[in-house]
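Asks: Now for the letters of each chain:
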Amino acid sequence: MQVNLKWDVLKRWETLLAAVLFIVVVFNITQSPVFLRADNLTNLFSLHIEKIIIVLAMALIIINGEIDLSVASVMGLSACLIANLYEQGISIEIAMLCALGAGILCGIVSGFFVAYVGLPSLAVTLAGLIGYRGLAKMLIEDRSIGNFPEWFNRLGQQPLVGSLPLSLIIFFVLFIVVAVALHYAAFGRYVFVIGNNRESARYSGVRVRQVKMTLFIISGLVASLAGILIAARLGAVRASTAEGFELDIITIVLLGGVSVFGGKGTLVGVALSILVVLCLRNGMNLLSITGNTQSTVIGILLILSVLIPNLAQDFQSIWKRRRLNLRE
Amino acid sequence: MTSILELRHIGKVFPGVRALDDINIEIRAGEVHALLGENGAGKSTLIKIMTGIYQPDSGEILLAGNPIQIGNAAQAQAHGIAAIYQEPLVFPDLSVAENIFIGHQSSGAIVNWRRMYREAAAIFDQLGVSLDPRSQARGLTLAAQQTVEIAKALSLDARVLIMDEPTASLSAHEVAELFKLTRILRERGVAILFISHRLEEIFEIADRVTVFRDGKHISSRPIAEVHHEQLIRDMVGSNLDEFFVKEVRQKSDLSISVRELSKKGVFSNISFDIFKGEVLGFAGLVGSGRTDVGLALFGIEPADSGIIIWQGESQKIKTPEQALKMGIAYVTEDRRQLGLTLPMSVAANITLATLKNYLNGLGLIRSREETKTATMYRERLSIRTPSIWTETGKLSGGNQQKVMLSKWLNTHPQLLILDEPTRGIDVGAKAEVHRIINDLASRGLAILLISSDMPEVLAMSDRILVMREGRQMGIFNRQDVDQETILKAAMGQAPVRNPA
Amino acid sequence: MIRLSRLLRPEQIRELSLAIIILLVILFFSSNIENYVSGRTFTRISTSIAIITVVAVGQALVILTRNIDLSVGSIVGFAAYFAGQQVSANQDLSPLVVVGIAVGFGALLGGINGFIVSYGRVPAIIVTLGMLAIYRGVLVDYAQAKTITTEMMPTWLIDLPRQNIISIGDVDVRVMVGLALGVMIIFQLCLSSLPFGRRLYAIGSNPDAARIAGLPARRIVLTAYILCGALSGLAGFMFLVRFGTITIAAGQGLELAAIGAVVVGGVNIFGGSGTMFGVLLGAVLIGTLEQSLLRMPQVSEFVRDALLGLFILLAVASDSVILNQLRNLWARWGRERALSAMLPTEKETTHAS
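Taken in sequence, the protein lines are chains A, B and C. If you read the first sequence in my numbering, its first letter stands for residue 1, the second for the next number, and so on. If you read the second sequence in my numbering, its first letter stands for residue 1001, the second for the next number, and so on. If you read the third sequence in my numbering, its first letter stands for residue 2001, the second for the next number, and so on.
Don't read these hints as lab results, they were simulated from the structure. Quick caveat: nothing in here was measured; it's all calculated off a predicted structure. Built from N, CA and C at the ideal position, the CB exists for glycine as well. One or more of the hints may lead you astray.
Claimed, not checked - Away from chain C, derived, C-beta distances all over 12 Å, residues of chain B:
1) Gly1030
2) Ile1068
3) Ala1078
4) Asp1093
5) Ser1095
6) Asp1214
Said to hold, decoys possible - Stretch by stretch, here's where chain A covers chain C in the computed footprint (C-beta under 8 Å, at least three residues):
7) 2034-2041
8) 2160-2173
9) 2217-2230
What the hints assert, rightly or not - A short list of chain A residues far from chain C (calculated; beta carbon distances all over 10 Å):
10) Ala19
11) Asn40
12) Glu93
13) Leu166
14) Lys264
15) Ile300
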C-alpha cells in the first residue's frame, strides 16, 4: 500500500526526471561512444563525488525545513585543517580525525543556534559560510599545501575495489543508509513531520530539537568527510577549496523534487537528479562545453523543473474552463 | 427589502466532486442571512466564488440586478463584497489602521498617516469599540482582529459582508460583542451572509436561513418559520439527536490530583481531582487560561509551581515526552496547525506519537503492525477515508478529528485532555465524537474536557470547573448547574446585559 | 513605559541598539589603532560600503516581500561589464546615459527573476539560485574571456571615484557615498510613505491576507524584483567606476554580503518588517569591522572573514531573542492599553442603550 502512495508521487515528479535522464543518456551515447565505458562512468561520478555525498545530507536538512549554506565552507575548513596539521608534523590519520571532529563541532554550532535558540537556519549557516571560510584562510592563508603521503593521495585517486575508488564506495553506502533512514525508519518519519510543521511535531511528543541537532551534526560530519576526500583527490589544498559548492549541492537537491519549504521529497528523486546533473555535465564535457555554460544549463534546468509543471497546470485549468463553456 | 446579491444556477465541479450543483441564493439589504450545512455541503466553495477566489463553471451572479463577473479578490472588493473569516487575515507587522486601509489606498499618492489614524478612529467610534489605530496588529486577540476586519469592511462601504464561522473561536462574551457589531451593520443596510455551526446563534442573529446539503440548495426560509429539528433534518437529511448526554459515572478511583498549579501571568492556584471514568469539564471564556492548564499538564508550557499527584506520586511534568510516558494525552484545539501532519497519511498520523512501539531492532518501522493499528482505529471510530494511506488533509474536518483522536487513544492514556474536540465539525460528526467520549469514560479513562460550547460541556461533563482570567471560579456538579450559572461564574462580576 | 511603547516600536529600539553597537565598535578601534578617528578613516569606510549599501537596499525590498534574490552578485557583475563595454566602445556617452544603461540592464535581469517568481509561481530561492549561475554563465560566454580595463574608460569615469560632493575639514564625502545615501533615503521614504512601500510590508507580513485583501501581489513582487535588479545595475555602475577593471568574476559573492547587511540591519528574513535605515546601519557595521580589522597590525587579513561570520551570527542571535522579548512586551502593553481604554466606552454604551 505504501508503494501505492509513492507511485502517486512518482507520477508527478520522479518520472519527469527519469524521462529527462533517459533523453540525456541517449543523447550522450549518440554523441560519444566513450560514454558507456566503465572508466567514463566512474569518472562521471568521481569529478563531483564530494558534492553528491553532501547532497545526501542536504536532502535530509531541506526535507526537515531547514537549509545549510555552510557545507562548502566546512568542507574547505576540514581540508585546510588536515593540510595545516600535517604540515606541522602531525600524522595524517590524527589530522583526519581532527578534521572530522571540526566538522561535528561546526554542526553542533549550527544545530545549537537553529534548534535551541530558534534562529532561522538561512541566517545561521550564512554566518557559518563566511566564518568557517575565514577560519580556513587563517589556517593556510594564501598558500597551497600538498605533499601528502602517497597512500593518502592514492586513496583519493586510485580505484579501491574493481574500478571503484573509496569515495564512490562511501557514497553508495551512505546513499543506502540515508534512503533507509529516511523512508523506512522512525528518524525519517520525524524528519518529514518536523519539516511539515515543527510545532505539530512537538505536540505529538517528537523531540524536535534533538532531531534538528542530529541533522546538523550529520551535515557537518559529512561535509568534513567530503573535505578529506577532496584533499585526497586533488592532492593539494588551498583556502578556497570547495568555494561555491553549496549552490551546486542545493541545486541538485531541489531539482530532485525536494520542497524548499520542507516536508516533501524522496531519495529516489534526489538520486535521479544526481544522475541527470552528472550525465549532463559529462555529456557537455564530451562535447567540450565549458564549466560556466554547464552551470547555465543546470540553472535553466532547475528553474524549468518547477516552472513547467506550474505552467502545465495553468494551461490545464484554462483548457478545462474553455471546454466547459463550450458545452453550455 | 431589496435583493443586493443574487446567485443563480451556480455550479462548480472539482476533479471527482460536484461541489455546487445548481445553487440559487439571494441576499437582501439589511438582513442577516444564515447559511447552514454540514462540512462538505458546499458553503466554503460558495464563499470562494462570491469573493472571486474560485470561478463558477456555470450560472450567473447579479449585483443589484445587474450581472457581474468576480474574477479575483480585488474585483469582489470593488463590487462591495467583503468577507471575514474564523481566522481573521490580518497583517501582524502593520498597524491596526493600516490593516483597515491597506487594500484601498489610492496607489501613487503619499500615505497620509494622520488622516488614516483619524478615519480608523472614527470607524471604531461608529462601532462603539475602543481599539488603538496606531498599535501593531501583532498581539491582538482573535476577537479584536475580527473587529479590525469588520472596520475594514465598513471603510470599503461593503454592501455584502460574508461572515464565515466568525464565532467558532470566540468566547460567549466576545460573541455577544460581535453580534452587537453585526446588528449595527444590518441597520446600515449591509447584506450579511452568516455561516455558523451553532444553531442557537443562528436563531439569535439571523433573519432568514438557507440550508445546503451535498452541494445542493435544500431550503431557504424566514427564521420565524423554522425550528431546530427542521434545520437539522434539512442538514443531515434525517432526524438526529442534537446532543448525546453522557452516562452517569460509577464510583471509582482517583486518576490525577492537581493542587495550586500556577504559571506566572497565565493562571494561578488551580486545584482539582479527576477520577477514573469521569469527565471534568473546563468552562470559561477564550483566554481564561483553560488551554494553558492543559498545556501545562502535557508539558508543552510547564507550570511554575504547584503539585501534580499522579498514581499516588508527586510529579513534575517538563516535556511532552514525559507526559506521554506517564499516560497523559492532549488533543489540541488547533487540529490543522498543531494536531495533524496533513500531507502525511492517515496511518502515519495515527502512529506518530507511539512510533517507538512499531520499531524493530534496527529502528525501522514494522509496516505490518502499523497497518494493523491504523485499520483497527479506522473501524473502531468509523473514520471515513478511501484508505489508511490517504493524505490526511484530504479528509473532512470530522474525520480528521477522529484521526487525531486515534493518535492519542493509541498511546493508551489514563488521562485524556480534549481541547475543543468538536470545534468546526458538523453536527453528525459532533454526535459521533460525543459518543466516543462517553465510551472512553465508561472504560475508565479520566477525561479533561475543555470546551467553549456551553451545551456540550453541560451534556458531557460529570463536574465542571469554571475559569476566569487565569483563576478557578469553582467546581460544580452537572446536576446542580445550568448554562446561566456557569456563564455568570465565567464572566465574574461583569453585569449580564440583555443582548438586544 | 506603556506610553513609551506607543512612540517607539520594537524595530526602532533594535536600530537604536545597532547604532550604539557601531559607536562602541568605533570607540574600541579608536583606542587600539593610532589616528583612527580621522577623515581618512571615514572616507575609506564610507567608500567601501557604498556599493554594498545599494545592493542591500535592493535586496531588502525583495526580502520584505518574503522572497530573496541570490542573483544580485551576478547582476552587478554583468551590468558592470555591459556598461563598461558600451562606454569603452563609445567614449562620448554622457555619464547619465551610462548610468541609465547599467540601471536598465539590471532592471531587465531583475524583471526576469521577478516574472518567474510571481507569475511562474516558482519559489524565489530556486529561481534566483538558478539565475545566479545563468547570468554568470551567460556573462562568461558573452565576454569571451576579455577583460574591461581602466585604459578603455573615459577620463570622467576614471576621475569620478575621487570626486567629493562635500568636504568638511579632512572629511570627504565621495560622490559614490552620496549616491548610496541618496538611494537609501529615497527608498526609506518609499517604504514609509508610499502605498507601494506599505504593500511590500503587507505581502511579506501575511501573503494569504494580501491575496484575500485584493492586493495585486504578483505585480508588487515583480516590481520589487525590478527595483532590486535596477539597484544592482546601479551598483554595477559604481563597481565599474570604483575598480575600472571588470573581469568575468566581478561582483561574485556580493549576494551574501548584501544579505548579511540586510539581516544584521534587522530586516526579518521572513519578510514583513525592517527599514532601509536599518539596512544602512547593517552595512556600516559590517564595513566598519572589515575595514578597521584590516588596520589592526595584530590581526591578519585572513581573520577578517572568521570574525565577520561570528558577528553576523551574534547579530542575528541577539536580534531574534531580544526582538521577540520586546514584541511580547509590546503586545502585552497593547492589550493593557486596550483594556484600560475599554472601560469608559463601555459605560457610554450602557448609557446609550
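Asks: For every hint, state whether the structure bears it out.
Replies: Here is what the structure says about each hint:
no.: 1; hint: Gly1030; verdict: holds (20 Å)
no.: 2; hint: Ile1068; verdict: holds (15 Å)
no.: 3; hint: Ala1078; verdict: violated (8 Å)
no.: 4; hint: Asp1093; verdict: violated (4 Å)
no.: 5; hint: Ser1095; verdict: violated (9 Å)
no.: 6; hint: Asp1214; verdict: holds (27 Å)
no.: 7; hint: 2034-2041; verdict: violated (count 0)
no.: 8; hint: 2160-2173; verdict: violated (count 0)
no.: 9; hint: 2217-2230; verdict: violated (count 0)
no.: 10; hint: Ala19; verdict: holds (20 Å)
no.: 11; hint: Asn40; verdict: holds (24 Å)
no.: 12; hint: Glu93; verdict: holds (27 Å)
no.: 13; hint: Leu166; verdict: holds (30 Å)
no.: 14; hint: Lys264; verdict: holds (12 Å)
no.: 15; hint: Ile300; verdict: violated (6 Å)
Hint check: violations occur at hints 3, 4, 5, 7, 8, 9 and 15; the rest are consistent with the structure.
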